[in-house]
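K.L.:
Note that the protein sequences, when read in sequence, are chains A and B.
Using our numbering, the first residue of the first sequence is number 1, and each one after it goes up by one.
Using our numbering, the first residue of the second sequence is number 1, and each one after it goes up by one.
Fair warning: there could be bad hints in the mix.
Once the Cα atoms are required to be at most 20 Å apart in a straight line, the calculated EDC-like pairs of lysine to aspartate or glutamate come out as [as the list claims (entries may be wrong)]:
1. LYS330(A) x ASP53(B)
2. LYS367(B) x ASP322(A)
3. LYS141(A) x ASP53(B)
Think of the hints as simulated: they come from the structure by calculation, not from any bench.
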Amino acid sequence: MSMLAVEIPYWGQSLLRVLGGLAAVLLPAGAIVYLFLFKMMSFMQSRLGPMEAGPFGSLQLVAEVGKWMQKEDLVPEAADKRIFKMAPLVVLLSTFLLVAVVPFGPDAWFTNFSVGVFYGLAVASVSVLGILIAGWASANKYSLLGGLRAAGQLIAYELPMVLATLGVVIQAESMNLQDIVVAQNTGEIFGFGGLGNPFILTQIIGFLIFMIAVQAELSQTPFDMPIAESELVSGYMTEYSGFRFLIFFIAEFATAGVFAMIASVLFLGGWGVPFEWFSWDTIDSVDDWMNVAGPLIMFTKMLALTFIIMWVRFSFPRFREDQLQTFAWKILIPLALANTAITAILKVAF
Amino acid sequence: MTVLSDRQQLSYIASQAADARLNVELETEGMTLNIGPQHPATHGTLRIICRLDGEQVVWAEPSCGYMHRGYEKLTEVRTFPQVTALVNRIDWLGSFANEVPFILAAEKLMEIEAPPRAQVIRTILFELSRIANVSLFLGDLGVQMGAITPVFLAFRDREYVLNLIEGATGGRFHPNFDRIGGLKDDLPKGWIDETRQTVIKLREFCDTIEDLLFGNEIFQSRTRGIGIIPADIAKDYGLSGANLRASGVDYDLRRDQEIAMSWDKVDFKVWTHPDGDSFARCWVRLQETRESCKIVEQLLDQIPAGPVMTKVPRIIKVPEGEAYVSTENPLGEMGYYVVSKGDLGPFRVKIRSASFNNISIVPWALKGVYVPDIITILASLYFILGDIDR
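Work out the full structure, taking the sequences as your base and the hints as a guide.
P.N.:
Structural data, given as structure tokens:
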């Protein structure tokens, strides 16, 4: 908040951070749902999608939220009621905790601390708890199967995700997400700085593994065995209705957005443009207008990455549980380990 | 016992291991999972009671009858021409094909035969209803495995076929067009040309599905080697149609029986597949859709001139006797055993519907598989609830 001339009291800063956090989670979620879930999917399937609410159905999401809010908040008789009601909030909580470390500009960040990557990966796994307790507390056999599958899958795919991130951390020599952005935008490819050095070039294997792991962490097709609506009738979400289902729904797409933001920070240069364009050399010399342009750049990159996530989601059938475990443990993790080792060796050698 | 392939042996071993595990002491209690009667994967109200050990099925039993509508009994209080309106609703996706064997059985009892033009048109409509039925299967297959796009393509392209059936018969789902001694009406003007165009679209649809689904590695890993039904087991359980042919049994009533239809006038291939797994069943159906397109195209060129109705009395009384006629319907062999006592209506009708026999293999096929595979195996066996419960 240093860029503002006036000194804002602590409570004011906190309020701004909360509002900013809400915007950073809900705006991408709404954009993803409308652009990809409603429109892109419809065009892929030779139909129009929502057309009535607002121009080109752009207010459909508002209508849907209104519908969900009006629905009865059903809790099954045999459910563990308090835990059952808490579960969607735990899932959404992890999304909000995750967005806290994402930098949106030279000064536009919520928190800026030195182990951002570590923290982000840690809080990302909080959602597993929410899903597991949702599956268990529903007192439904399908939910239980879905919850257990989700737990197994999310834990399995966290490892390749962590290992894929390690390569970036080694290359940037920092766990601070802001430093990672700066390292990419001040970087040079064989002395040419016009593109910066986005880590997707050197860490392409890491990037692919990260995106696959994100797909699995989000339980999107082809890794949607925990939800599997044709088989487990939506798994851990089976018993949820009304606004609790809405929270799960928001969490699903908001997390997709936040993971895409983290991927763009780690691999695509985040909010930044190559610093050589404007002859900046350090983070302090970056002009203030980047605090406005940065979030927009970030949003664009996020949409590009979520486009890939959703494209895969709408085209593929799903893996079986044992097949996706095999894929994680026998292919992704060894590959990620090799990638990390090679990155480390090259880092020391050069 | 035939020689089993490695994959088939593995599936046997898995099921026996699951059996053995339930008998071991200190084993945790299994879970009974009711799939259905309300479940998206059962296409209606089929209930499958599964006993699970973890995610492995150790015992499964289909429980049908939730949608029983008593058609066999209802036919006894209908006149012969009225029965087609009922039997239309047995396999509701390929309804015209349901009418044909019943009408043929009645014609057999009355010792009349439809004129050649009616026979050819009957066969064309029969094959079109097969395409309408199986194209929906091909789309639904993806949905069962999480790929949501193919089903929309299937619904779009099935619409062309339904339009054709509606154009010729006036009914989209329930044509009620077949009559004892021929057909209700002749084809409308321009129908033949439109059918030619549609067949081209349907071939494209088959290619799209093959690219989108059958070529997909995930789809293959979900279906290959899953739910293997060896040929002798398939015969023992009385499977028919694509389920039987996918097990390598070369049996197709269109080719193998003498019947007053026009399949002997065209050149088509009966596809079989040696594997007997889920993939084989899906693949055989895909090829069959293409063959149906081929049959329709050939028959369009050889529709003879003439009437579509032979001379039948205004009030049809079927002479005393018994007749059984079965045809190769979209879901498999469908037959009607008609007993007449010389009245206006049949004395007794026994309907042999394909899906009822096809799901009898479910307890055998589901033993030892994982829960996700239940869905693929059920999807690949392909049943219509109306065809099971009648």
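K.L.:
Please go over all the hints and tell whether each is borne out by the structure.
P.N.:
How the hints compare with the structure:
1. LYS330(A) x ASP53(B): 25 Å, violated
2. LYS367(B) x ASP322(A): 17 Å, holds
3. LYS141(A) x ASP53(B): 13 Å, holds
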